Amino acid sequence: MVDNLIHLIEIIIGTILVGAFGILFGLLTKGIDRKLAAHMQWRIGPPIIQPFRDVKKLFCKENIVPRNAVTWLYNSAPIICLASTIAVLLYIPLGSIPPVLGGYGDVILILYLLTIPSLAMVAGGFASGSPFATVGAQREMVLMMSYEFPLATTVIALGWKISTLHPGSVAFSLSTFARYPVWNIMGPFGIIGAAILLVVMLLVTTGEITKVPFDIAEAETEIAEGLFVEYSGKNLGLFYLADAVKTVVMASLIVALFFPYNLSTYLASHISLPTIAWQTVDFLFYLFKIEIVIFFAMTFIRVSVARFKVDQVVRVYWGYLTLAALIALLLIALDVLL
Amino acid sequence: MNPLGNFTTPSGFWNPILWLLVFLILLLLAYLIWKRGEESYKRGTMQTDPFLSGYGPESKEAIHVRAGNIYWGFTRALKGYYSFLRKIHTGIINDYVGWYIGILALMLLLYLLWGGS
Numbered sequence: 001m002v003d004n005l006i007h008l009i010e011i012i013i014g015t016i017l018v019g020a021f022g023i024l025f026g027l028l029t030k031g032i033d034r035k036l037a038a039h040m041q042w043r044i045g046p047p048i049i050q051p052f053r054d055v056k057k058l059f060c061k062e063n064i065v066p067r068n069a070v071t072w073l074y075n076s077a078p079i080i081c082l083a084s085t086i087a088v089l090l091y092i093p094l095g096s097i098p099p100v101l102g103g104y105g106d107v108i109l110i111l112y113l114l115t116i117p118s119l120a121m122v123a124g125g126f127a128s129g130s131p132f133a134t135v136g137a138q139r140e141m142v143l144m145m146s147y148e149f150p151l152a153t154t155v156i157a158l159g160w161k162i163s164t165l166h167p168g169s170v171a172f173s174l175s176t177f178a179r180y181p182v183w184n185i186m187g188p189f190g191i192i193g194a195a196i197l198l199v200v201m202l203l204v205t206t207g208e209i210t211k212v213p214f215d216i217a218e219a220e221t222e223i224a225e226g227l228f229v230e231y232s233g234k235n236l237g238l239f240y241l242a243d244a245v246k247t248v249v250m251a252s253l254i255v256a257l258f259f260p261y262n263l264s265t266y267l268a269s270h271i272s273l274p275t276i277a278w279q280t281v282d283f284l285f286y287l288f289k290i291e292i293v294i295f296f297a298m299t300f301i302r303v304s305v306a307r308f309k310v311d312q313v314v315r316v317y318w319g320y321l322t323l324a325a326l327i328a329l330l331l332i333a334l335d336v337l338l
Numbered sequence: 001m002n003p004l005g006n007f008t009t010p011s012g013f014w015n016p017i018l019w020l021l022v023f024l025i026l027l028l029l030a031y032l033i034w035k036r037g038e039e040s041y042k043r044g045t046m047q048t049d050p051f052l053s054g055y056g057p058e059s060k061e062a063i064h065v066r067a068g069n070i071y072w073g074f075t076r077a078l079k080g081y082y083s084f085l086r087k088i089h090t091g092i093i094n095d096y097v098g099w100y101i102g103i104l105a106l107m108l109l110l111y112l113l114w115g116g117s
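Residue numbers (our numbering), protein chains in the order written: chain A, 1 to 338; chain B, 1 to 117.
Keep in mind the hints are simulated off the structure, nothing from the lab.
Be a bit skeptical, because a hint or two may be false.
[As the list claims (entries may be wrong)] Calculated lysine to any residue pairs in the SDA-like style (CA-CA distance at most 25 Å, straight line):
| id | chain 1 | residue 1 | chain 2 | residue 2 |
| --- | --- | --- | --- | --- |
| 1 | B | Lys87 | A | Arg315 |
| 2 | A | Lys57 | B | Phe51 |
| 3 | A | Lys309 | B | Glu39 |
| 4 | A | Lys61 | B | Ile17 |
[Claimed, not checked] Covered stretches of chain B, as calculated for chain A (at least 3 residues, CB under 8 Å):
| id | region |
| --- | --- |
| 5 | 19-28 |
| 6 | 73-85 |
| 7 | 101-107 |
This structure is a prediction, so every number in the text was calculated from the model and none was measured.
By construction, the Cβ of each residue, glycine as well, lies at the ideal position given by its N, Cα and C atoms.
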């Protein structure tokens, strides 16, 4: 009983710490992304701490509720969006630091929980009582339904491979993915399959965090920020924070699935350091991996291509990426059979 | 019931009670952040009019986007599939019964070939 209570207190403290980490590092990541994008376009760009200033400014602005809005839903959507986004981060390891809810949810749960922030955004868009926001909300729904299929195929393909090699293990637990890293368990066909799945996952991430070319729900030049068109002040600030955390969540998920390596595993036998020092090294290495993933899933893509149309997004996800994921699944199956 | 116990399946697990607990904590955290922001705005002024990108003021009904548009992206992208489905839906009962009997016969055949043990 006392042990359970102590564990619950640990979970509560961990939740608050991870929440603070997600928000602060998410904002910093947004700053790095904007700086890198600016340099790639031969601009100087804003300072890295600009997102912090943006949020501070938004919280000083008036919080306008439109005349036709459903007030309670309009105001609660950003709160639910931020809370549900941070909740997903609690299931994903941060370097060698185990997740706060590590033993209490698997990767399939993460896939389901990822839909809640999008649904909160959709609810907020519909509650705005604006035609632009409604169109944005409808587009967000289409986007969400589009990337679910390739995302699920990716996770199932990797989990299935692990379950065939290690029948006793809990295949969809992220700790199992960390114990049997994808690249270590694949044969030649499997490696090709996993590489395809990694590309699919990077492109799913771009859609999940609604960035170019999949930012159809916001699309400033077409529908004037879409589902956020009526949002201002602290409500918009909270959506901004949720977007920052979601970027960290998606990058962390890719790291956990494809690159769960820690430096301590390989170097601890050569260099003698206290456990806390190795945890710090692993944590910094994890942050580095996150930045690399975000560069390829967000910055590089968004400065390279233009926005897709709505039907093109569906065709890309349901057509090309699902096909690619299924081919990868076949390659991994071939790897198991041969 | 132990609140720290998981629901398990052969390949996965989750604990809804703990998720609910942390979600409530995070809702409180997000609300506290939200509460720190500016509360006021000018009620009943033009500030609260919906953004219509320069079009004249319209009634609520006139600017409403119908939910029927929600799947436009899907129906457009998967046009071939949907037009095939639409062709099947002729509205003639004989066709529907024909499909029903045909599928039933196919399933029986599959059952006879591979079903049972």
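Original post:
Taking a Cβ-to-Cβ distance below 8 Å as contact, does the region 101-107 of chain B have at least three residues touching chain A?
Top reply: Result for this restraint: violated, n = 0.
Note to self: Run the distance test for Lys61(A) versus Ile17(B): straight-line Cα separation, threshold 25 Å.
What the structure shows: violated, 37 Å
Checklist line | 25 Å limit on alpha-carbon distance, applied to hinted pair Lys309(A) and Glu39(B) | finding: Measuring from Cα to Cα gives roughly 37 Å; hence the hint is violated.
Q. Taking a Cβ-Cβ distance under 8 Å as contact, does the region 73-85 of chain B have three or more residues in contact with chain A?
A. Holds: 5 residues of the region 73-85 of chain B have a Cβ under 8 Å from chain A.
| Hey, Lys57(A) versus Phe51(B), does the alpha-carbon distance stay inside 25 Å? | holds, 22 Å
- Task: State whether the coverage of the region 19-28 of chain B by chain A holds or is violated, taking the criterion as 3 or more residues with Cβ-Cβ distances under 8 Å.
- Result: holds (count 7)
Given the proposed pairing of Lys87(B) with Arg315(A), does the C-alpha separation stay at or below 25 Å? holds, 22 Å
In terms of the numbered hints stated before, the structure departs from hints 3, 4 and 7, listed from lowest to highest.
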